[in-house]
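> Residue strings, one per chain:
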Amino acid sequence: MNPKNLKYHKEHDWARIEGDVAVLGVTDYAQEALGDIVYIELPEVGTEVSAGSTYAEIESVKAVSDVYAPLSGTIVETNEEVVDAPELINESPYEDGWLIKVKLSDPAELDELMSAEEYDQALAELDE
Amino acid sequence: MSARVSVEPSGRGTVVEPLIFDKSRPGHRAAAIEAPGVETATAAELLAGAALRQRPPAIPELAEPEVVRHYTRLSHMNHAVDLGFYPLGSCTMKYNPKINDELAALPGFTWLHPYQAEADVQGILELMWELEQALLAVTGMCRASLQPAAGAHGELVGILMIRAYHRDHGGAERDTIIVPDSAHGTNLATAKMAGYRVVELPSSKRGLVDLGTLAEALSERTAAVMLTNPNTLGLFEDDILEITRLAHEAGALVYYDGANLNAIMGKARPGDMGMDVVHMNLHKTFSTPHGGGGPGAGPVAVCARLEPYLPTPLVERRDAPGADADGPAGAGFHLVGDHPSSIGRVRGFYGNVGVLVRAYAYMMRLGGNGLLRASEDAVLNANYLRVRLHDTYDVPFDRMCMHEFVASASRQKHTTGVTARDIAKRLLDFGMHSPTVYFPLNVPEAIMIEPTETESRDTLDSFVDAMLRIDRESREDAAIVLEAPHVTPVRRPDETLAAREPVLRWKPAAESPEIS
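Listed in order, the protein sequences are those of chains A and B. According to my numbering, the first sequence is numbered sequentially starting from 2. According to my numbering, the second sequence is numbered sequentially starting from 1196.
In short, the hints are calculated from the structure, not lab data. Predicted model only: the values in this text are computed from it and were never measured. Do not take every clue at face value.
Stated by the list, open to error - Derived contacts from chain A toward chain B, CB cut-off under 8 angstroms, selection only:
(1) A34
(2) D37
(3) V62
(4) K63
(5) A64
Unchecked claim - For each label pair, taking beta carbons as the anchor points, the in silico distance ranges come out as:
(6) A:A123 / B:G1365: 39 to 49 angstroms
(7) A:P4 / B:E1678: 30 to 40 angstroms
(8) B:L1692 / A:V77: 28 to 38 angstroms
Virtual Cβ for every residue (Gly too), placed ideally from N, Cα, C.
Input sequences plus hints: build the corresponding full structure.
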C-alpha cells in the first residue's frame, strides 16, 4: 500500500531520493491518524535538518504533532502549496502533499530507513 | 431582527441566537433606581472638558430581560457541571460547592480594594497566608506564590524560577527540558515559551517513565524534568524517587505539574517525592470554577533553594511588633516585596483573589481528612468505571489506576468505523459531557475518563449504561452514533472548516466588512 520507491522512518515519515536531494513528507498512516490537517508550519530554505529530529509542526483537528526528518541535510525547497492548503497532505500524502526538499549531508543514513515492505510490516505490528 | 428559533421539520431543534449587537434597539435600557435622599450627579457634570467622551460608547442597547434571556439562552446551548456528568479527563470537573461562592460574595471580600492600607485588609491577608499554609501542607513544599492566574501561568512562573536558579548557580548553559510523552501538552508549550529546547521522553510499555531512557536523556544541558504524577494515563510513577534522584544527580531540577493532584491529597506529597517546583490548579483540585477563560488560579510552590526566586509580594506573618527589624514593623500580616532574587511580579496586585477565597472555603470545609477522602473517592470512582468498561472498550494500561484512566475506541473504529469523536458526540445525547478524546497522544483513539469524587454511584452507572449502549449502537445501527448528537441545540459543527477558515465575529457582519 505504501509506494515501493520511497524510504520510510519509524515516525511515519517518507523520503524520495532524487540524486543528492531527498523529498520528505508524512505517510498515509500519519495523515490518517492525524485526521483533517488544518495547519502546517515549515522551516525556511537554508535551514539544517538532522535525522531523527523534528523540523515542522503539523496541526490537525485532533492534535499538534511534530514532523521528524528521516535524513540530515539542508533545506533547498519547501512546499508553499501545502502551507496554503494543508488538506493536500490528507489528499495526497506521497505526491502533492510533500513538505520539504533536502540536500543530503550524509547519504549513508539511507541504510537506516525502512523499505516499503518493512514499513508495512511495522504498521501491521502497531495494529496488533 | 429579533431572536429567532427555527425548528427543523424533523423536530430536531436548531437554535439560532443572534449576536447581542443584532438585538440592540435604540433607547432600550435597564432602569437604574436612584438611592433615596442621596445627592447624585451625572458623569457629564463630574467630568469636565477633555476627560468627557464626545459620543456614547457603541455598546448594544437592551432592556434587562433581553440581556438576561440572551445570556441564559447561550448558557442553555452549553454543558456545565451544574447540569450533568462531566468526566473530562485531566480537567477534574468536580462539582463546585455553592458555599464557596456564598463566602466569596461576602461584602467584606467583594468590597476590598487592592490599594487599601495593609492595616485595613488584615482579613484577606490572613486568608491568603492560611491558604498558602494549607497548600504547602498538601504539597510538602516550603513556600508558595498565589499570583499565577492559571495552571499554565503557574508552569511558566515555575520554569522562569528554574532558569533564574541555574543562572545564579553556574548552570546558564542548561538549555533543555525533558518532558515525558505522558505529560500535559502545556508542559511542552511552557518549556518552549521560556526559551528551552524540549526533549520528549517516550513512555515504557507500562505507560511510565523508563529510568534507562531518562538517564540517557539527562545531561549537563538539562535544566529540568517536567512530570505529572500520576501521569496523564492515570498511572502513578512507581519510580518517582529514583526519577528525581537521577535528575538531581545530573544537576537538573524537577517540575511537578499538579494537574493530577486530586488523586493523591493526604496520600503522597510532591515535596516528599523530591520535587523542586509544583503548580496547583485551584480550579481542578480545590473546586473553584473552570472555564470561560477564567478567572483561574495556579499557585506555584517551591522547595527551600528556589524560595528566593518566588514572585513578590508574598504575605508574611509577623507575630510581634518589630519582631523582624528588616521587615515592616507591626503584628499581623504584611505584603513583603523585598526579595532581590525574585523573578518579579507575574500578575497585577495579588492574583485572582476571589478564586483564592473559594479554594480556601473548600479546604476549610473539608479539612485534612476530607481532602484525603476526596482523593480516595476520586480513585475509587475511576477504578469502578475502568472495571465496568474494560470488557467493552480497550484499556491499554489496564491495572489499578489513580483518579482517571485512558480507554480507547480502537476496537470500535476497526470493527464499526465509529471513532472516539463519534462516541464523544453521542454521549451529549444522554446529557453527559464527553471524556477527553485523542489525548494522551500515545494511545490511539484515546478516551480519557475522570469521574471525580463528587459523582454518585447512580451517576457512574448511568455513564456506564450510556457507554455500553453506544458500543451496541455502533455494531447494530452505527449511523445513530456517526450522526450524533441529535438532541443538542447545536448539532455537529464542521471542526475542520472552523479550523481552516475561522470566522470570528462579535459584531454584526455589516460592521465587520473585513471578514464578512
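> Now, for every hint given, state plainly whether the structure supports it.
Hints versus structure:
1. A hinted interface residue such as A34 (chain A) counts as satisfied when its beta carbon comes closer than 8 angstroms to some beta carbon of chain B; here the least separation is about 7 angstroms, so the hint holds.
2. Given hint, D37 (chain A) at the interface with chain B, holds; its Cβ is 4 angstroms from that chain's nearest Cβ, closer than 8 angstroms.
3. For V62 (chain A), the suggested interface contact is upheld, since its CB lies about 5 angstroms from the closest CB of chain B, less than 8 angstroms.
4. Annotation: interface hint on K63 (chain A) holds; nearest CB of chain B at approximately 4 angstroms, less than 8 angstroms.
5. Taking 8 angstroms as the C-beta cut-off, the interface hint given for A64 (chain A) holds, the closest approach to chain B being about 6 angstroms.
6. Roughly 44 angstroms separates the CB atoms of A123 (chain A) and G1365 (chain B), a value that falls within the hinted 39 to 49 angstroms.
7. For P4 (chain A) paired with E1678 (chain B), a C-beta distance near 35 angstroms keeps the hint of 30 to 40 angstroms intact.
8. Distance hint for L1692 (chain B) and V77 (chain A): a CB-CB separation of about 34 angstroms, consistent with the stated range 28 to 38 angstroms.
Consistency with the previously given hints is maintained throughout, with no hint failing.
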